[in-house]
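All chains, please: the whole structure from these sequences, using the hints.
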Amino acid sequence: MFTTRYSKSYLYKQVRFLENHAGRCTRSGAGARALLCSCVAVGLGCFSGPIACADTDTGAEKAQITEKRAQGGQSAPASAVGKKQKVEQSKAQKDAEIPTRKEAASGEQINVVGHLNRQRARIFPGLGAVDYNIDQRQIASTPQGQNAAFNQILLRVPGVVMDSYGEVHVRGEHGGLTYRVNGVLLPEGLNGFGQELDTRIIQSVDLLTGTLPAQFGFRTAGVVDVNTKTGDSLKHNQVSLYGGSYNTFVPSIQLGGQKGKLDYFTTVSFTRNNIGIENPSDTFRPIHDVTEQEKAFSYLSYHIDDVSRISLLTSASYADFEIPNSFKTFDVNSPDYTTIYDVAGVNAHDPSMHWSNLDDSQTEQNYYAVLSYQRSADKLNFQVSPYFRYGRIDYTPDRDRDLIYQGVSEHEVNDFTTGGVQFDLSYEIARHHTLRAGILGQYTSERLDTNTLAFPVDENGNQTSNVARRIIDNTGNWSVEAGAYIQDEYKITNNLTFNYGIRYDRFASSFGNEGQLSPRANMVWKPTRTTTLHIGYSRYFAPPSPQYVYPSTLAKFVGTTNAAANLINNATKVEKSNYVDGGILQRITPEFQITLDAYAKWAHDLTDLGQFGRAVILAPFSYKRGRVYGAEFGSSWRHGPWSVFGNFSYVKTSARDINSAQYQFDLAELAYIKNHAIQLDHQGEYTATAGVSWSTKHDMAYVDFVYGYGLRSGFANLEKQPEYDVFNIGYQHTFTKVPFGHDIQIRADVVNLFDKRYQLRDGSGVGIYQAQYGQRRGTYFSVVSEF
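Residue numbers (the numbering used here): -18 to 768.
Keep in mind that a hint or two might mislead.
[What the hints assert, rightly or not] Straight-line distance between alpha carbons at most 20 Å, and here's what the computed SDA-like set of lysine to any residue pairs gives:
#1 Lys557 to Asp396
#2 Lys557 to Ala463
#3 Lys554 to Tyr485
#4 Lys678 to Lys718
#5 Lys655 to Ala552
#6 Lys472 to Leu514
#7 Lys678 to Ser635
#8 Lys701 to Tyr146
#9 Lys633 to Asn559
#10 Lys554 to Lys655
#11 Lys242 to Asp287
#12 Lys537 to Thr456
#13 Lys554 to Asn476
#14 Lys472 to His414
#15 Lys472 to Ile104
#16 Lys242 to Leu352
#17 Lys554 to Asp638
#18 Lys605 to Arg200
#19 Lys240 to Phe199
#20 Lys633 to Phe696
#21 Lys309 to Ser289
#22 Lys633 to Gln660
#23 Lys554 to Lys633
#24 Lys718 to Asp638
#25 Lys216 to Thr180
#26 Lys309 to Gln387
#27 Lys554 to Lys537
#28 Lys633 to Lys678
#29 Lys309 to Ser337
#30 Lys554 to Thr180
#31 Lys537 to Asn551
#32 Lys633 to Gly691
#33 Lys216 to Gly722
[Stated by the list, open to error] What follows is a list of derived Cβ distance ranges for each label pair:
#34 Asp286 to Pro571: 37 to 43 Å
#35 Thr320 to Asp340: 18 to 24 Å
#36 Glu273 to Tyr750: 22 to 28 Å
#37 Tyr750 to Ile473: 51 to 57 Å
#38 Trp583 to Pro622: 42 to 48 Å
#39 Pro500 to Asp430: 55 to 61 Å
#40 Ile710 to Ile452: 51 to 57 Å
Worth flagging that the hints you see were computed from the coordinates, not collected in a lab. Note that CB positions come from ideal geometry on N, CA and C, so glycine has one too.
So this is what it looks like as structure tokens:
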């Protein structure tokens, strides 16, 4: 149910031909919420009068179909690796020939949008990377549709493994994903669990993996490239109401249109449910797990003339989470016995102090703004984009109960601020050569403020006083990331393209300074109309997030219940790796395609992430050596209203010798990992997804399946969680004859149809803190009205 392609090199010659012959056509909660509302105001405050809506297929949509056709069978429709249906250029021309002046102006505007979108694609091509494309039809047939969490959309792509806290792992990597919105880098945020990207904003999304070309640096596990909805792609304004199990309540609104040369789109949503974070037990309803989330997104684009435009993206999200409580017992004969600390003035056995009344919570805020200027003139295309991002995680403890059950109560506030600029260009220097180059620079400031209560202990770790000590520690880090690249797309023959380039990256921070020159090369060969092969090599340079904890901080907690496991504390270095990838895309029939891809990675200072306390803030650590290899298979078939897809992937990981942030780990575990290669905790050795959907103009029904082999667990990740399989179903119907508006769409989804009880984490493993189970059965309904 996704598009796969290896290179866009075949697109550009076709597009060039068409263009030449078809004619030129604040930190407080209240302040944060105020900032979120201001994001909406950017999208709405400058408009008056009626909102223009596009009632027909846009030029951008037609351009996308033409682009994929121009690749000669390298892409697919919404299903796994299927091919886009043929759309003739003459039809696109006829659609643009509108008789009235008003409609002609609208058609001209759409052609300008399509032209600029095509030119932007020429600046940022995949060029040998494996590119999985997910469109609106795929999103609609995903459980919960546009109300699905963004990680559930990515999970239907080969090589993606599900984890807790909404995380997904691509090809055996923990994190390492770069997010781009409309071709512009999205600054990296905090490693929390709130998913700020809202599925409602997505027109289509591409996941690029494998040997990425030289324009992609730093986070190279994969590139999540989001094309947002715009005023001209949103056919009508929408208001929706979604809800169901776990007291889920989600109202949202989407507004968009065109006014002269201005294109605008904005969406606002509110989410409330009783399962904000995965349940730490296998019960149907978690204890203390309510979340409330507010999100807003706005896109503005002004077309200065036929060859240039300026656009502004703004986004705001504010989310409150209760930290779910896990079972505890005071029975010393139970394997789940919980140590109870003596707290001065508090009776630990008072009913009000029961573990189910724990009231820890976490607030996450994320805000970003991206301003872009794009110009496309003749052979030269470029885009420059300054951007800014602010993120904050605020963990608030339950003072007395945390002291009773953990011996520690810690208030944590972690802030990130990032500002930077990105510049990219493409230039056709000769008939068979396209040169691409660019630079990127950004500065990040991180601050961690903690206010901790902890008990003093003796050398054996026994509590020596029931009066907790207060320890305040405020530290910060900074980092500068800069990169530059140049590459050449050499079209050797009509069926053979070689893309080669080099990039230089530099990472300077408060705890380290490193750089690397990285060659990249990809070859794409299309021996027949139905077969595409690719092979590539990339050298990667992946800096850690600036979250170093200084020795002075560790020293403050010596002799307390919050003391580190040891005092070894090397800073995390930049991961440097060699990556190879090869594969084939085979079109068996016009309706049925398969893809097979294999890859391997060898890394120094392999970066991983872990949770080392009740606050859900993931911190980096690294292994001296690491290796990842695997293979992916994808298939799809589409015929009329039917669409079928099936994916399978295999991944194997190994790593040795933790060489940074060692204070987080027990000395026995460190010694074992130093002398033995272990599997990474996020390795899901086998995964599979499959689905069948039936879609007509008014109806859609689907059956969806996800299989997971289980993540690693236990001492040094020597054990494994149980495998699981989950089935989901859904149905959607659109009423067109309605008393108001354009139409009304109703939908029903059943997630985890057979109420499978499956555990994602048991609280053990390297860098794992909390036990977590997958969601039990849930039934959801939505109503969407277009107006």
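Hint check:
For the hint pairing Lys557 with Asp396, the CA-to-CA distance comes to about 27 Å; that exceeds 20 Å, so the pair is violated. A threshold of 20 Å between alpha carbons decides the hint, and for Lys557 with Ala463 the separation of about 16 Å falls inside it, so the pair holds. Of the supplied pair hints, the one linking Lys554 and Tyr485 holds, its CA atoms being roughly 17 Å apart against a limit of 20 Å. The straight-line distance between the Cα atoms of Lys678 and Lys718 is roughly 13 Å, inside the 20 Å bound, and the hint therefore holds.
Distance hint between Lys655 and Ala552 is fulfilled; the C-alpha atoms sit about 17 Å from each other, no more than 20 Å. Note on Lys472 and Leu514: the hinted pairing holds, with a Cα-Cα distance of about 15 Å set against a maximum of 20 Å. For a cut-off of 20 Å, the pair hint linking Lys678 to Ser635 is broken: about 49 Å separates their Cα positions. Between the alpha carbons of Lys701 and Tyr146 the distance comes to roughly 19 Å, so the proposed pair stays at or under 20 Å and holds.
Straight-line distance between C-alpha atoms of Lys633 and Asn559 comes to about 16 Å, which keeps the hinted pair within the 20 Å bound. As the CA atoms of Lys554 and Lys655 are separated by approximately 17 Å, the hinted pair is consistent with the 20 Å bound. Between Lys242 and Asp287 the CA atoms are separated by roughly 10 Å; this keeps the pair inside 20 Å, and the hint holds. Proposed proximity of Lys537 and Thr456 is supported: the alpha carbons are some 13 Å apart, at most 20 Å.
Our distance criterion of 20 Å between C-alpha atoms is broken by Lys554 and Asn476, whose separation comes to about 42 Å. For the suggested pair Lys472 and His414, the alpha carbons sit about 6 Å apart, so the restraint of at most 20 Å is met. The suggested pairing of Lys472 with Ile104 holds, with an alpha-carbon distance near 16 Å, which does not exceed 20 Å. Of the supplied pair hints, the one linking Lys242 and Leu352 holds, its CA atoms being roughly 17 Å apart against a limit of 20 Å.
Taking the CA atoms of Lys554 and Asp638, the gap is near 14 Å; set against the 20 Å cutoff, the hint holds. Restraint check for Lys605 and Arg200: satisfied, since their Cα atoms lie roughly 19 Å apart, inside the 20 Å limit. Distance restraint check for Lys240 and Phe199: the Cα-Cα separation of roughly 39 Å exceeds the 20 Å cut-off, and the hinted pair is therefore not satisfied. Distance check on the hinted pair: Lys633 and Phe696 sit about 18 Å apart at the alpha-carbon level, within 20 Å; holds.
Proposed proximity of Lys309 and Ser289 is contradicted: the alpha carbons are some 62 Å apart, above 20 Å. For the hint linking Lys633 to Gln660, the alpha-carbon distance of about 8 Å falls within 20 Å, and the restraint holds. Distance restraint check for Lys554 and Lys633: the Cα-Cα separation of roughly 23 Å exceeds the 20 Å cut-off, and the hinted pair is therefore not satisfied. About 66 Å separates the Cα atoms of Lys718 and Asp638, which puts this hinted pair outside 20 Å; it is violated.
Distance check on the hinted pair: Lys216 and Thr180 sit about 17 Å apart at the alpha-carbon level, within 20 Å; holds. Of the pairs offered as hints, the one joining Lys309 and Gln387 holds, with about 11 Å between alpha carbons and a cut-off of 20 Å not exceeded. Between the alpha carbons of Lys554 and Lys537 the distance comes to roughly 25 Å, so the proposed pair goes past 20 Å and is violated. In summary, the hint linking Lys633 to Lys678 is not supported, as the alpha carbons are separated by about 43 Å, beyond the 20 Å threshold.
Taken as a hint, the Lys309 and Ser337 pair is honoured in the structure, with Cα atoms around 9 Å apart against an allowance of 20 Å. For the hint pairing Lys554 with Thr180, the CA-to-CA distance comes to about 34 Å; that exceeds 20 Å, so the pair is violated. About 18 Å separates the Cα atoms of Lys537 and Asn551, which keeps this hinted pair within 20 Å; it holds. Restraint check for Lys633 and Gly691: the C-alpha separation of about 13 Å stays at or below 20 Å, so the hint holds.
The hinted pair formed by Lys216 and Gly722 meets the criterion: a straight-line CA distance of about 12 Å does not exceed 20 Å. Our hint of 37 to 43 Å for Asp286 and Pro571 holds, since their Cβ atoms are close to 40 Å apart. Remark: the range hint 18 to 24 Å for Thr320 to Asp340 is upheld by a beta-carbon distance near 20 Å. Checked against the given bound of 22 to 28 Å, the beta carbons of Glu273 and Tyr750, roughly 24 Å apart, stay inside it.
For Tyr750 paired with Ile473, a C-beta distance near 52 Å keeps the hint of 51 to 57 Å intact. In this structure, Trp583 and Pro622 meet the distance hint of 42 to 48 Å, their C-beta atoms being roughly 46 Å apart. Look at Pro500 against Asp430: about 42 Å separates their beta carbons, and that is not inside 55 to 61 Å. A hinted range of 51 to 57 Å for the beta carbons of Ile710 and Ile452 is consistent with their spacing of about 52 Å.
When held up to the earlier numbered hints, the structure conflicts with 1, 7, 13, 19, 21, 23, 24, 27, 28, 30 and 39 and fits the remainder.
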